[in-house]
Every structure is written in structure tokens, then in C-alpha cells.
Amino acid sequence: MGKVKVHRASPSLDMTPMVDLAFLLVTFFMLTTKFAPEEPVAVDMPSSISEIKLPEVNILTITISTDGIVFFNMDGKYNRQELLGKIGAKYGIPFDDQDKEKFSLLPSFGIPIQGMKQFLAMSPEERKLVNQTGIPADSLNNQLADWVVFARTTNPGLRIAIKGDRESNYPIVEKVINTLIDNRVTRFNLITNMEKGPIQL
Amino acid sequence: MSEVSQQGGGGGKKDGKVRSKKSSTKIDMTPMVDLAFLLLTFFMLTTTFNKPQTMEITMPDKPKPDDVVPEVNEKKVLTLVLGENDKVYWYKGITDPKIEVANFSADGIRKVLLTQNAQTKDMIVLIKAMEKSKYKNMVDILDEMNITDMKRYAIVKVTDVDKELVKESNL
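Residue numbers (numbering that gives the first Met the number 0), protein chains in the order written: chain A, 0 to 200; chain B, 0 to 170.
Looking at chain B on its own, in the form it has when it is part of the complex (with noise of 0.2 Å):
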């Protein structure tokens, strides 16, 4: 092939003009595209796009001793209680209170959220984690409560009071 380009090329020698032999222009790329694109799929797979969210939480002050606990109307409270395996206990009031349990998907806790919001006005939530409960179960009730736009709610040491509640209910 080369030959047949260069007896073409020495066709011109017939006029007796010569010609200085031009480099061809063109290098050859592929070293440099080969490695071009080993440099892109290696940034592609090491880059991590998703920046973490996070939750901002403000948790109230030990109080001190002289303070004076402000007193709520125990129609007003509405106790959830984490349980393992994902399971949610909640009662209204305090005194005699009818336990029920829920699920964390939206049919679940949040209706009952949405619900009690309705039917009482400034309603308190008291959230009260057991010690089987996971850390998941924690964020996704403190989710709700943001999806809910539930006003006042708290996190509370979990009483023996209420895990008898939760054993007894059998749920």
C-alpha cells in the first residue's frame, strides 16, 4: 500500500521540481483517549454526589431545680411508644389510656397523627423509646413529626409504667 502512494508521490519528480517531504499533521491519538477515559471512569466511580442531610434537633436544658414545671392537661398528650420490630404503641391521656399499636408506613402513624391533631387542639406528643428499639425508629418518628408539622413534641424517658402498658396490651 505505502508503495503505491509513493510511486504516486514520485510522479512529480518528473518535473524536476523538488519537493520537501511534509510530516503528515496527524498524530495518533489513541495513548491519549485510552487514557482520557481510564481518568473519567475512575473520578465517575470514586465521586459521591449526595452530600449527607441532616436533622437539626434541639433538645431542652436539664432544668434546674428551682423551675417550675408547667402543668398540661393530660386530654391533651398523645404517647408514643418505640418498640421493636418496628412496631409503634401509642395512647390518649394518661390515666386509663386504651393502647394501640401502629406501624411506621404512611396508614400507619401518621394517620393517627393526623387524627389526634385534628380532634385536639395544641396537642403534645410524647415520644418514648424502649430499649429494643433502633436508632431508624427514632428518626423516622422525629420525620413524622416534621411531615405531620406537629408543633410541640418532646422525647421522653420511657416509664415501667408504660412498659407494662405495652407487655399487658399483648399487641
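Looking at chain A on its own, in the form it has when it is part of the complex (with noise of 0.2 Å):
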């Protein structure tokens, strides 16, 4: 009977070129991307005019959380071993091959050496949940200052970047820019971000 049909069009539709720029980005996001390394604290950084960037290889971090606390960092795996190694042998702690390899993934750490065997002892998961106090950087007990000086011995290319918390209290920032000024560390890195400078007339 006479019934009218109307014509549809096809629900399916090409969906080709979409599923190509889909993957063209997945591709460019994959090979771009690089994972942020877990830091124990989050850090929130002063901005600067500056535009140098901060290298990507031969880093010394020295991190400063709000509340003052330091924690330091270095990349280079091998490096890193060999850093522990001097560290326990200055103060008298064996770290075996086991603690070293440990060692050389852990992220920024804010551990005394006195307490670092046990920390590496742990498993990732629970070093989450360590309330970790700071690498000591006073004058009696320079720890901080011992690091420096092995991590640069161990590499001679260091380059040394603080990156400080903008809140956190000068007098502490200090306290590590002398440090380091006392181990004949001049020329270091201010790790800011980046802040639109007025314009230039």
C-alpha cells in the first residue's frame, strides 16, 4: 500500500581521517611526553623574567618546601651509586650493592644519612608515608654540605639548581646558599617560572 519511505542516510559516516589525526596526536603526545619525576613535596615555584632553561641532564636539585625543609636530588644512575658509596664511607654506614641500586631511582629524598639504610629498606609505597625531616644543613651538622661536595666530585659537570618554594622563608634559603658558597659553589641555578617581563620601549 502506498506507504512513503524516506530516504535515509547511512548513521555510519567515514570516520578515516579523524582516526588518522587521532593517532597522529597520540603518536606526537607519546614521543613528547616525559613523565615528571614524583617529588615528596609539592613545590611551588617563584616566577622570574628569565628564559633560560634549565638543562636536562647534569642536574643537582636542591629542593626547599614551605616549611623549610631540603631535600636533594640528582640525576645519572651510575652516578648516583657511586654517590652513596662516598656518602657511607665518610660516615661510617656500608650501603651494599642492593641499597645502592635502590638508591639510584629513588626521587628527591629529605632523609639524614643516618636514617637512609632504613628508608631504602622500604618499599616505595611506604616511603610515601615517611614523614621525611630534611637533610640537615646546619652549621654543626652540614650533611647537605658533604652531598655537594661528593656529587661533585663523583660528576664534575654538575650543575646546582635550587628550587625553592616561594613562601618558604629566606633565612633557610640562605642557609644553603652558603652552604654551598662555602664549598666553593659560585654559580648556581634559581629554578623559577616563567613571567611575562613588561614590555621593552
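Don't read these hints as lab results, they were simulated from the structure. Be aware that a few hints might be false.
[What the hints assert, rightly or not] If you want the ones that stay clear, here's a sample from chain B, every Cβ over 12 Å from chain A, calculated:
1. 18
2. 20
3. 22
4. 74
5. 114
6. 120
[Unchecked claim] The list that follows gives simulated cross-link-like pairs (lysine to aspartate or glutamate, DMTMM-like), each with its CA atoms no further than 25 Å apart:
7. B:162 x A:173
8. B:61 x A:181
9. A:174 x B:163
Treat the numbers as computed from the prediction; the structure is a model and nothing was measured. Cβ atoms here follow ideal geometry from the backbone N, Cα and C, with glycine treated the same way.
Dock the two chains into a complex; use the hints.
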């Protein structure tokens, strides 16, 4: 009987260009992405107009959190293993190869050397729960100085970067800077966020 | 629906030709696309584009005992004292200074630096950070040095005299 059939366009459409684009973007992001290493504290960096980029390798980072806790980090797996050996020898704490292996994979840490062996024995999940007290940087017990000195003997091309929180008090930063100067590190970097400079007339 | 199309296809049988049944060349791409977009979203959200900037500073070596300390004309010295609550106190000269306060905005310390620099040839800026100041203040003031293109500046320890001055000024 006289039924009028409405001609319908096919509901399936050609998705090929979209898929091409999607995969292009996936490939791009997969290749450009670099996973940020996990940090024990979130640091909100101050901003500056400086446009010097931080180099990717040979970096020693000293992180200072809001409450003035000092963390240490260095890149280079084998350098780190060597560094732990040297530090252990100075403080009379023997670290075996297993400790060194674990240490080489550690993110930033703020643990006095005396507690390091115990800290390394933990699983990564347990380490997150540890309340890190920071690396002592006082004039009486300046372990930070030893870390810096031994790190520089291990890797002479090391650049030192200070990553301080905006709200951390200046005296603690001053203490870190003085520690560096005392060990003849006079050139170092302050890690900052980018800020737009005023328009130059 | 499918029956209709089969019937239509069956019409060919009348010719007596045997047609090999071809499977469709189109495959359902939906799951693949789902996965592709899932990955795309994941990488887009986890990626961080801005590499951190750094500010390079070079501090002087510790003075050796036999080093001759260079003498400077005190009229050329501008002292900035970083205080609490993002305040910066400044004064010109050393003896009997007149202390004033400014903030970190473009109309604050930047203006002071530019006007003072225009008035004084070879001005030397001393930056002194008090205990209550924040790291941010120090980075900001170093940044101002770059912005205003100061040639000579130094980070110095704050003295008791400066603390007194700031306290007396009540600014």
C-alpha cells in the first residue's frame, strides 16, 4: 500500500580522517611526553622573567619546601650509586649493591644519612608515608655540604639548581646558598616559573 | 532489513551465475578509535609543556684574608631591605639615611630603582633580606635587577642597624 519511504542517509560515516588525526596526536604526545618524577613535596616556584632553560642532564636539585625542609636530588644512575658509596664511607655506614641500586631509583629525598639505610629498605609505597625531616644543613651537622661535595667529585660537570618554594622563609634559603658558597660553588641556578617581562620601549 | 537485501541479491541467481560471496571490506573501527582517543586524552593530560626556567646567579667567592676591600662612595649606595609582608624598604647613602617603603609592583620598587639610577652614576645596590622575608621576595628583587638593568648589585647580610631603621620607621 502507498507507504512513502523516507530515504535515510546511512548513519555510519567515514571515520578514517578523524582516526588518522587521533593517531597522529597520540604519536606526538607519546613521543614528546616526559613523565615528571614524583616529588615528595609540591613546590610552588616563584616566577621571573628569565628565559634560560634548565638543562636536562647533569643537574643537582636542592628543593626547599614551604616549611623549610631541604631535599636533595641528582640525576645519573651510576653517578648516584657512586655517590652513595662515598657518602657511606664518610659516615661509616656500609651500603651494599642492593642499597645502591635502590638509591639510584629514588626521587628527591630529605632523609639524614643515618636513616638512609632504613629508608632504602622500605617499599616505595612505605616511603611515601615517611615524614621526611630534611637533610641537615646546620653549621654543626652539615650533611648537605657533604652531599654537594661528593656529588661534584662524582660528576664534575654538575650544575646546581635550587628549587625553592615561594613562601619558604629566606633564612633557610640563605643557609643553603651559604653552604654552596662555602664549598666554592659560586654559580648556581634558581628554578623559577616563567613570567612575562614588561614591554621594552 | 537484511532479508530484503538478500532477496535483492538472490535476484542474480536467475542468470545462473554463481557469485562468490564477498565479505565486506569495511571493519568496525569504533573500538580502535575509542582506544586512540583514550590514549590521546591520557597523554594530553599528563604531559607538561613548560620546562622550568632558571635564573643564573653568580655569587662572589668568600674574601680571602689578604684581599683588599674596595672602597665605595657611600652616596652611590642604594640599600634595599626586604621585610615581611612583601614590603621593601629602601634608603640612599649610609649615614643618617631617610628610609622609605615600596612594594614589588611596577610602580613600586622598579620606579625607585629607575629614578635613582638616573640620578646617580655607577649606582651600587645592596640587597639585604630580613629574617621574615620570603624566598619569593628575593627572586622578585633579583628579577627587578634584571628588568631595570642594574649593573652592580650584591646580596648582603642584614645588619642590626638596618633592622633598627626599619623598626623605627614604622612603615
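Q: Run the structure past the numbered hints and jot down the numbers of the failing ones, going up.
A: Of the numbered hints, all hold.
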